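Q: Read off the chains here:
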Amino acid sequence: MLTLVALASLLVLATVPEPSQAIVIYTGWERHALVGTEVRLSCSFFSWRWTSEDVTFSWTYRPDGARDSISIFHYTGGMAYVDNKGPFRDRLEFVGDPGRRDGSILLKNLEFSDNGTFTCDAKNPPDIVGRPSSVRLLVFEKVPIQAGVITGSIIGAVLGLLLLIVVIYYLMRFLVARRVFSLNVSKHGKKKKEGSQQRQGPAPAVDTAKPKTSEKKKQESRKDRK
Amino acid sequence: MLLLLLGIVLLHVAALVLLFVSTIVSAWTSSDIGTSDLWTNCSIINGGYRCDGASTGEWIQAVQALMILSIIFSCLALFLFFCQLFTLQKGGRFFITGTFQIIASLFVMSGAIIYTVMSPEWVPDTDEFGYSYILAWVSFPMALISGLIYVILRKRE
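Which chain is which? The protein sequence lines are A and B, in order.
In case it helps, this note's numbering puts the first sequence at residues 1 to 226.
In case it helps, this note's numbering puts the second sequence at residues 227 to 383.
Source of the hints: derived by calculation from the structure; they are not laboratory data.
Computed from a predicted structure; not experimentally measured.
Even for Gly, the Cβ is constructed at its ideal location relative to N, Cα and C.
Each hint should be verified, as a subset may be incorrect.
Unchecked claim - Result set (SDA-like, lysine to any residue): computed pairs, CA atoms no more than 25 Å apart in a straight line: (1) A:K142 / B:T282; (2) A:K123 / A:S9; (3) B:K316 / A:K108; (4) A:K108 / A:G65.
Stated by the list, open to error - Among the chain A residues that face chain B by a calculated CB cut under 10 Å, a handful are: (5) I70; (6) S71; (7) L106; (8) G148; (9) T151.
Claimed, not checked - Reference listing, derived: stretches of chain A covered by chain B, where coverage requires no fewer than 3 residues with Cβ under 8 Å from a Cβ of chain B: (10) 73-79; (11) 135-141.
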């Protein structure tokens, strides 16, 4: 039994990977932007090593429908080299901070021909094994509404209204019931006082008649309440 | 008496089922290569189905919301009917149930009307209306009649 547990734990330990030497690169999945505006394509990486001085970032661009990608940005040896011959000349700016593992670029004055896939590849020597990450850029004339925003808001508004009406209805019922109850109590108190005053009436002749009527009234009120 | 009750519940449930099918199945428009709306556009390409999300315009989202709201209100009406069946005094009317069912039918009607008027903006003229659209229009009078019956009906022992 004990040997079985020992063997199982050994197996588990053997399958747990040691801190892998691969570098993991993060970019967005998709970026939407309006034509004529600018967009920031972010790229950062995770590496088990400290950020070395020879860290490099490079961005490549593949237009929609094309097969080849061209290189548009490279950062190495502390220097950033931007595109000065390709489709992004004078429109590309490096806004990242390599010391903080950020290799983001800024694209200005977007055109419809900028639709495509941008790939970021970062290397942190000696951590160089990693998969580049891609972000798709979509340039719109008018930014479309995300699917489900209007749907959700209409449903939420109507259900909220329904809930509000129900709450107000029950609140009104509660308030009205309380007011009616307090009114009933005050009426009952008044009737009692009147009855006792009539009994202590001045003339005895009137006395014989009045208590009967007051008692009748009391009995009637008791029957009503029942 | 029991027969009447059963008939009314069946009508309500039938309307509810039609609403469910109309909302869930994405076949408001159909063409020879596929169906589209309310949620996905599926087309047959090279022998296989290929589905994308439906266009994300404002009007299609409004139709989605109205159909879902009609289902919610119809379900609430069914639930309230059973509640009222056991708690209503003799001779009382199923007002709340009827109101909810009529509101549900109004939502279906407005959803179908909005789709009819606005769909030419994103649907080509060669496409026809699919069966989900027809079911939506069929469920509208069913729900309306069911709601009116609830309002008129009086509870007997």
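Q: Next, verify each hint and record whether it holds.
A: Right, here's what the structure says about each hint:
1. For the suggested pair K142 (chain A) and T282 (chain B), the alpha carbons sit about 13 Å apart, so the restraint of at most 25 Å is met.
2. Taken as a hint, the K123 (chain A) and S9 (chain A) pair is broken in the structure, with Cα atoms around 36 Å apart against an allowance of 25 Å.
3. Between K316 (chain B) and K108 (chain A) the alpha-carbon distance is near 74 Å, which puts this suggested pair outside the 25 Å criterion.
4. Taking the CA atoms of K108 (chain A) and G65 (chain A), the gap is near 22 Å; set against the 25 Å cutoff, the hint holds.
5. Restraint check, I70 (chain A) versus chain B: the minimum CB separation of about 29 Å is more than 10 Å; hint violated.
6. For S71 (chain A), the interface hint is violated, since its Cβ never comes within 10 Å of a Cβ in chain B; the closest pair sits about 32 Å apart.
7. At about 28 Å, the closest approach between the beta carbon of L106 (chain A) and any beta carbon in chain B exceeds 10 Å, and the interface hint on this residue is violated.
8. Interface hint at G148 (chain A): satisfied, since its Cβ lies 7 Å from the closest Cβ of chain B, which is below the 10 Å cut-off.
9. For the restraint placing T151 (chain A) at the interface with chain B, the shortest Cβ-Cβ distance is roughly 4 Å, inside the 10 Å limit, so the hint holds.
10. With a threshold of 8 Å between beta carbons, the proposed coverage of the stretch 73-79 of chain A by chain B is violated, since 0 of its residues qualify and at least three are required.
11. Coverage of the stretch 135-141 of chain A by chain B is violated [criterion: at least 3 residues with CB-CB distance below 8 Å; count 0].
Figure legend: structure checked against the earlier numbered hints; hints not met, in rising order: 2, 3, 5, 6, 7, 10 and 11.
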